[in-house]
Amino acid sequence: MSPKIKFAVVILSAAILCLARIAAGADARTLVAQSLAALDRGDAQKDPARQREAYQAAVADAEQAVHLDEANAEAHYALFCSLGRLTERRGPLGQMLGLPRLKRELDRTIELDPTHSEALAAKGEMLLRLPSLLGGDAAEAERYLRRSLVHDPTFWRARILLVQALLAQSRRDAAAAEARDILARIDPQRHERAEALQLLAEMGESPTPAATP
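The numbering used here puts the first residue of the sequence shown at 8, with every later residue one more than the last.
It is possible that part of the hints are untrue.
Said to hold, decoys possible - Label pairs and their in silico Cβ distance ranges: (1) P195 x S139: 35 to 41 Å; (2) G98 x A51: 23 to 29 Å; (3) Q176 x E60: 37 to 43 Å; (4) T122 x L100: 20 to 26 Å; (5) E147 x Q63: 18 to 24 Å; (6) R150 x A51: 33 to 39 Å; (7) P99 x D144: 16 to 22 Å; (8) G98 x H198: 26 to 32 Å.
Said to hold, decoys possible - Below, simulated EDC-like cross-link-like pairs (lysine to aspartate or glutamate); rule was C-alpha separation at most 20 Å, straight line: (9) K110 x E147; (10) K53 x E95; (11) K110 x E95; (12) K110 x E77; (13) K53 x E77; (14) K110 x E70; (15) K110 x D120; (16) K110 x E125; (17) K110 x E60.
Read the hints as simulated data drawn from the structure, not as lab findings. Just so it is clear, CB atoms sit at the ideal spot from N, CA and C, and this is done for glycine as well.
With the hints as constraints, model all of the structure from the sequences given.
Shown next as structure tokens:
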């Protein structure tokens, strides 16, 4: 085989590989969309059996997306979300056994996309909710939540979680100030407004700061 033919074969092989990767990426994106749609169907279901079926379909689509494109952050996040829905419905032992995989998928999402605000907030929530024996850490939760808000300052769920993380560290004044700032900025129709008011009430704090004499 002449050098020119060899070079042409190499170029053709590289082009075919590139096209295959592009196709796999497109297929992965389609599967991610299907997984998220199945999650929505499951969330809307009242029947537990049909709900579980929808969540299992979401897991299957997300797993296939990861198989096709392991470097797709959204595929890993969809898998984390769908596995999380199933894990929530297990008993305490099943939840504990499912935790390592959930952590892996969430950490891989953040590794692939360090600006993924939803994944960063989910990591913060996980650290906030877990007991310290299983890796819970309110201070570390706060750091992830603040990272999330750098990339999406109006991610209200993350801001509510930040109030809770501050309270978990006994930083009541900072928590109250954060909750009041939410009230000052949020659309009155959003449900997080009621959550901010509830947190302030639990702290025994007013929605508006006391006047300085």
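To see whether the hints hold, each was checked on the structure:
no.	hint	in the structure
1	P195 x S139: 35 to 41 Å	holds, 37 Å
2	G98 x A51: 23 to 29 Å	holds, 24 Å
3	Q176 x E60: 37 to 43 Å	holds, 41 Å
4	T122 x L100: 20 to 26 Å	violated, 35 Å
5	E147 x Q63: 18 to 24 Å	violated, 32 Å
6	R150 x A51: 33 to 39 Å	holds, 34 Å
7	P99 x D144: 16 to 22 Å	holds, 20 Å
8	G98 x H198: 26 to 32 Å	holds, 29 Å
9	K110 x E147	holds, 15 Å
10	K53 x E95	holds, 16 Å
11	K110 x E95	holds, 14 Å
12	K110 x E77	holds, 16 Å
13	K53 x E77	violated, 33 Å
14	K110 x E70	holds, 15 Å
15	K110 x D120	holds, 15 Å
16	K110 x E125	holds, 14 Å
17	K110 x E60	violated, 23 Å
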